[in-house]
Each structure stands twice: as structure tokens, then as C-alpha cells.
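So the protein sequences, as listed, match chains A and B. Going left to right, the first sequence walks through residues 1 to 200 as the numbering used here numbers them. Going left to right, the second sequence walks through residues 201 to 381 as the numbering used here numbers them.
There may be inaccurate statements among the hints.
To be verified - Sample of chain B residues lacking proximity to chain A, with all beta carbon distances greater than 12 Å (derived):
#, residue
1, V214
2, K215
3, N222
4, Q229
5, K271
6, F344
What the hints assert, rightly or not - To spell it out: a stretch of chain A is covered by chain B in this simulated footprint if at least three of its residues, at any positions, have a beta carbon under 8 Å from a beta carbon of chain B; those stretches are:
#, stretch
7, 4–10
8, 37–47
9, 50–58
10, 62–70
These aren't lab readings, by the way, just hints derived from the structure by calculation. By construction, the Cβ of each residue, glycine as well, lies at the ideal position given by its N, Cα and C atoms.
So you can see what is in the structure, the chains are spelled out below.
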Amino acid sequence: MNNIKLFIKYEDDILSKEEKAKFEIMLEESNDLQKEYNLYKERLGSLSTNIDVDEQYFVNLLPNVRSGMDKQKSFQPSKKIVYAFPVVLLAIFLTFQLGNNKSNGFDYNFNELISEFSNEEDVMNELFADALSSEDLYYSIENNFEEYGDEDLDNLMNTEIQNENLEAYIYEDTVDEDFVQNFSDDQFDEVYTLLLNKKF
Amino acid sequence: MENNLDNDLILEFVKGSELAFNKLVRKYQKMIYWHARRMVGNHLDADEVTQQVIIVIYEKLKNFKFNSSLKTWIYKITQTRSLNLIKRRKIKNFLNLNDTKVLGISDHQDIVSNYDDIEKLNRLNIVLDTLPIKQREVFVFRHFEELSYSEISEITGKSIGGLKANYFHASKKIMEIMKNE
Numbered sequence: 001m002n003n004i005k006l007f008i009k010y011e012d013d014i015l016s017k018e019e020k021a022k023f024e025i026m027l028e029e030s031n032d033l034q035k036e037y038n039l040y041k042e043r044l045g046s047l048s049t050n051i052d053v054d055e056q057y058f059v060n061l062l063p064n065v066r067s068g069m070d071k072q073k074s075f076q077p078s079k080k081i082v083y084a085f086p087v088v089l090l091a092i093f094l095t096f097q098l099g100n101n102k103s104n105g106f107d108y109n110f111n112e113l114i115s116e117f118s119n120e121e122d123v124m125n126e127l128f129a130d131a132l133s134s135e136d137l138y139y140s141i142e143n144n145f146e147e148y149g150d151e152d153l154d155n156l157m158n159t160e161i162q163n164e165n166l167e168a169y170i171y172e173d174t175v176d177e178d179f180v181q182n183f184s185d186d187q188f189d190e191v192y193t194l195l196l197n198k199k200f
Numbered sequence: 201m202e203n204n205l206d207n208d209l210i211l212e213f214v215k216g217s218e219l220a221f222n223k224l225v226r227k228y229q230k231m232i233y234w235h236a237r238r239m240v241g242n243h244l245d246a247d248e249v250t251q252q253v254i255i256v257i258y259e260k261l262k263n264f265k266f267n268s269s270l271k272t273w274i275y276k277i278t279q280t281r282s283l284n285l286i287k288r289r290k291i292k293n294f295l296n297l298n299d300t301k302v303l304g305i306s307d308h309q310d311i312v313s314n315y316d317d318i319e320k321l322n323r324l325n326i327v328l329d330t331l332p333i334k335q336r337e338v339f340v341f342r343h344f345e346e347l348s349y350s351e352i353s354e355i356t357g358k359s360i361g362g363l364k365a366n367y368f369h370a371s372k373k374i375m376e377i378m379k380n381e
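Given these sequences and hints, build the entire structure.
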């Protein structure tokens, strides 16, 4: 083992001048050491053999690389589109969201209107019809539901009937007035109860 | 002298000469390939590394600052890419994502066709594969590429003393393996 260390150091040229000279003298004087050293060089040398290769690989290497680079370049614009697409989608989504949050022109205090026009059936009907088409007002109704008195609820009834039996008589935001006029007291109670329990 | 020729070609390439780039690649492509092959152990991976290195040279050569020789710069890129591939392969092997363990096995697409040469390369790869990466890289640089310790230090960024120690341990280990064969 020590000889191998010596051989490595000698081959790697890291022995001092004196050590190198001493080793060379030992090598000349000892046949066994000479044989061992030759075996060491042979083994190390066997790792560095000349290998026959297919030279065509190296001839084709650069053209193949250039071909790959050209394909990458042509793909670049498509890549940009792919990366830009989610950004565009997000922009559209945000625009849509912001647009929906805009006022529909009904920028008024709903509660004040209720109290002011609660005795005017036509106005109330129109107001609540608007409310149904405006999400903000619709939720405003929900949020202020508890503040409504019986009279307000009666007004709501005209446009908020959604009992499945009565559904056929509801046309968008209007009610078949002839039908409503023929309600019995029990039916009115039923509708009233439904409205109380309804989640707007 | 060699440095001057390389520098002239680089300057020509910077001015827009693709022919100059082609000349540089043809000069260094075998050096790149064989260093990669000795590090990664098979033709397919060596081919991947070689192509990556050529692309990097093409993209970065215009920014070459002549702080080192072109040869050293190319060796640095090759070594980095080789080490990255070895790390990726270890992770894939650990996660069993590789279908076959390619180390030490030449595939049918190899540029070496002679059976004896294939056996020699396999044997070399098995021997080198027993070495830790630090010992492997210095042994490959020193024994096969015959670079000086100062050149290897410039490429790897490691101290000359450390490199000498690693080379010594690598040689010793290789001798023990070959003794037991």
C-alpha cells in the first residue's frame, strides 16, 4: 500500500526533488519495486485506451443543435401567447367584475323610497321589479327585511310570489292581477308566510 | 497562440460570423463530449450535456469577458451541466422514475460500436462510479484531460491542495479496485 502511495505521488509530480531522486534510485536497485511500479502504470494506463467512435456523430452534432435552436426560436411567439393568455383572461374577468359592481343607475337609498312610497302600489311594484333585476338592491331588501312593516310586506307580495303553485301566474317581475284578486284569505296568509320565510 | 486564435474567432462571432462559431464548436466538441461522457457515464446523457453546452456557448459567447481562456470557460460549462445531470439522475433513481439504470450500460445508440471498446468504457465507468463526485471530477481532469492543478482549480473553484488530496485518494481507490479484479 505504501508503494502505491509513492507511485501516485511520483506520477503526480508532488514529491520533492530529494524524494524523487531517492525513489528513482530505489527503482533501479529493486526488481520487485520495478515490477510493482510497472503493474501500477499498466493498470492506470488501461483506463486511458483509444476508443474507436462513429465520427458521423460529431459531423452531425452541430447541425442537429442548430436545428433544435431554430425550432426553439420558431416556438417562442407561441409560448408568449400561452403565457399571455391567462393574463388576458384575468383582465377580462376583473373588467367583468368591476363592471358588475357599477351602479345600474339606481343610486338611491332604498329604505327612504320604501317609506316615502309605501302607500303607492304602482310605484312599489316598479321599485321591487327593479330590485329583482338589480343585485345590489335585491340584497338591500334582504338586509333591511326586518325593518319592513306589514304594509311593506304586502307590497312585496305582489311581485315576490314564488310558491310553486302560483308560479304559473308569475311573468318575470309581474303578477297576474286577476289571479291575485281572487285569492282567498288563506291563500294570502300562505303567501305572506312564504314571503316571511323567503330568503331574498 | 491557441488563445489568440480562439479570441479572434470569438471577436468574429460577436461581429456576426456564424462560421466563426462553427469553427469553435468543431474545435471543442470532442473535448466537451468526452469530458461529459466520463462524468455521466453513457452516450445518451453525454449527448444531452454536449448539446446543452453548445447552446449555452452560442447564447453566452457574446458576453465572454476574456478573464480566462475559452477552453477553461467551456470546461466550466461542461462540468456544471454534467454535475446537474448527475444530480437529476440521482433524484430520478431515488424516486424510481428511471426505467433502467443507465450507469455502466451502453445503449444500442452509442457511438462506440466495437465490442471491446464498449467493454473498456463500461469497465472505466464502473471504476469511476465508485468514486465520490469530487474525486471523480479531479481524476477525470487530471488523468484523462491532463490538466494542471492550477487549471483544474480555475475550472472547479477548488483549492490546489484539496484537488491534490482528492486525486491521491481517487488513484488509491482505483488501484485497490483494479487489484481486486
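Each hint tested on the structure:
Against chain A, the non-interface label of B/V214 holds: every CB pair exceeds 12 Å, the least being about 18 Å. No beta-carbon of chain A is positioned within 12 Å of the beta-carbon of B/K215; the least distance is around 19 Å. A cut-off of 12 Å between C-beta atoms contradicts the statement that B/N222 is not in contact with chain A; the least separation is 6 Å. The claim that B/Q229 is not at the interface with chain A is violated, since a C-beta of that chain comes within 12 Å of its own (minimum 6 Å).
For B/K271, the non-interface assignment is confirmed: its Cβ lies about 18 Å from the closest Cβ of chain A, beyond the 12 Å cut-off. Distance to chain A contradicts B/F344 as a non-interface residue, since its nearest Cβ pair spans about 6 Å, not more than 12 Å. Look at the stretch 4–10 of chain A against chain B: 4 of its residues bring a Cβ nearer than 8 Å to a Cβ of that chain, three or more, so the hint holds. For the stretch 37–47 of chain A, the proposed coverage by chain B is satisfied: 5 residues have a C-beta within less than 8 Å of a C-beta in that chain, meeting the threshold of three.
Look at the stretch 50–58 of chain A against chain B: 6 of its residues bring a Cβ nearer than 8 Å to a Cβ of that chain, three or more, so the hint holds. Against chain B, the stretch 62–70 of chain A contributes 5 residues with a C-beta closer than 8 Å to a partner C-beta. That satisfies the three-residue criterion, and the hint holds.
Against the hints set out earlier in the document, violations occur for numbers 3, 4 and 6.
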